[in-house]
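What follows is the residue order along each chain.
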Amino acid sequence: MPDLGKYADTVLSAYAVSILLLILLVVLTLRQGTRARRTLQEVEKRSKPNA
Amino acid sequence: MSMTEDTARPKRPSGFWSYANPVKFLGLSERVLPTLWVLAAISLVAGLIWGFFFTPDDFRQGSTVKIIYLHVPSAMMAINAWAMMLVASLIWLIRRHHVSALAAKAAAPVGVVMTLIALCTGAIWGQPMWGTWWAWDPRLTSFLILFLFYLGYIALWEAIEEPDTAADLTSVLCLVGSVFAVLSRYAVNFWNQGLHQGASLSLDKEENVADVFYFPLLVCIAGFVLLFLALVLYRTGTEIRLRRARALQAREARL
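First to last, the sequence lines map onto chains A and B. So in numbering that gives the first Met the number 0, spot 12 of the first sequence is number 11, and the numbers just go up one at a time. So in numbering that gives the first Met the number 0, spot 64 of the second sequence is number 63, and the numbers just go up one at a time.
Everything labelled a hint here was simulated from the structure, so no lab data went into it. Yeah, the Cβ is synthetic: ideal placement off N, Cα and C, and Gly gets one too. Fair warning: there could be bad hints in the mix.
[To be verified] Quick list of the computed label-pair ranges, beta carbon to beta carbon:
1. Leu27/A x Leu168/B: 20 to 26 Å
2. Lys23/B x Leu11/A: 30 to 36 Å
3. Asp57/B x Leu19/A: 53 to 59 Å
4. Val22/B x Arg37/A: 15 to 21 Å
[Unchecked claim] Far from chain A, by Cβ distances over 12 Å, these chain B residues were calculated:
5. Leu43
6. Leu47
7. Asp56
8. Val112
9. Ala154
10. Val231
11. Arg234
12. Glu238
13. Gln248
14. Glu251
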């Protein structure tokens, strides 16, 4: 860990907020994607006999 | 008069425009995404580790200079995401390709997070350097307005049920918001009266940050660009699937 001196809180909080937001964005994106794939598969399976 | 096969069949778009076909677009994104995710992760982790652990303190700003590796790339992507949305919106308005409207919609949440990171890191950095978390400085203010435009853009997509109308209205909003995307980039040059400094990255060697900060910053920027591309490709795929599911559900309901 580098010596951040008197600005340690400043630098660490900037990194913490940014990394948290990036992780949240990626996780939500992947979760929405998985849900959309599942929904489409279900709808396609249901609609095939009607086709 | 008999028509030849060439004139009877409508010509299929080729090259770039062929990706307006959702199936072709999904095929491309499935092929490209694994590489993009890996490259984005490698360059982001490498750039941030390099910047955080292996660069010296600045003689004036001390260790707060390490915030540059998050602040500058996120601010760049906040503006560039809007620029990408603008291009996609124009393609929708002119050529009516649904994939481009969905790509613009998919990019907005990524852009809003990038803007939020830029605003948060800027405030955290500004407190010890300027003695305040916030100032109504031209660049900061135009960035805040850009953030509000992102929220308005996302809200407008959610508020309108008919997808083509939503795409039309959000595209127009995107054109209007582009003024603030440009302002947030050039406000420092237009009004030289705020707290915010000029460009950290410039073609002018004198204006640039020192090499010791410059190279890890370039790696971080590459990481943010790759992450943006991966997220937008993935999210556009999600939007295409959701639209197809809704269309099938609507057909089911009619039967």
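- Is the Cβ of Ala154/B farther than 12 Å from every Cβ of chain A? It holds; Ala154/B is separated from chain A by about 17 Å at its closest Cβ, greater than 12 Å.
- Beyond 12 Å from every chain A Cβ: check whether that's true for Leu47/B. 8 Å, violated
- Query: That 15 to 21 Å hint for Val22/B and Arg37/A (C-beta), does it hold up?
  - Reply: 19 Å, holds
- Taking the minimum C-beta separation from Asp56/B to chain A, is that value above 12 Å? 7 Å, violated
- Task: Decide, holds or violated, for the assertion that all CB atoms of chain A are farther than 12 Å from the CB of Glu238/B.
- Result: 8 Å, violated
- Task: Grab the minimum beta-carbon distance between Arg234/B and chain A and tell me whether it stays above 12 Å.
- Result: Check fails; 6 Å does not lie beyond 12 Å.
- Least C-beta distance from Glu251/B to chain A larger than 12 Å: Given a closest Cβ separation of 6 Å, the condition is violated.
- With 53 to 59 Å as the target window, see if Asp57/B and Leu19/A comply at their CB atoms. About 25 Å separates the Cβ atoms of Asp57/B and Leu19/A, which means 53 to 59 Å is violated.
- Query: Just checking, Val112/B versus chain A, shortest CB gap more than 12 Å?
  - Reply: 5 Å, violated
- Query: Is 20 to 26 Å right for how far apart the beta carbons of Leu27/A and Leu168/B are?
  - Reply: For Leu27/A and Leu168/B the Cβ distance comes to about 25 Å; the hint holds.
- Query: Once the closest CB in chain A is found, is it more than 12 Å from Val231/B?
  - Reply: Given a closest Cβ separation of 10 Å, the condition is violated.
- Query: For Gln248/B, is the shortest beta carbon distance to chain A beyond 12 Å?
  - Reply: Given that some Cβ of chain A is not farther than 12 Å from that of Gln248/B, nearest at about 6 Å, it is violated.
Going down the numbered hints, you'll see the structure goes against 2, 3, 5, 6, 7, 8, 10, 11, 12, 13, 14, while the others check out.
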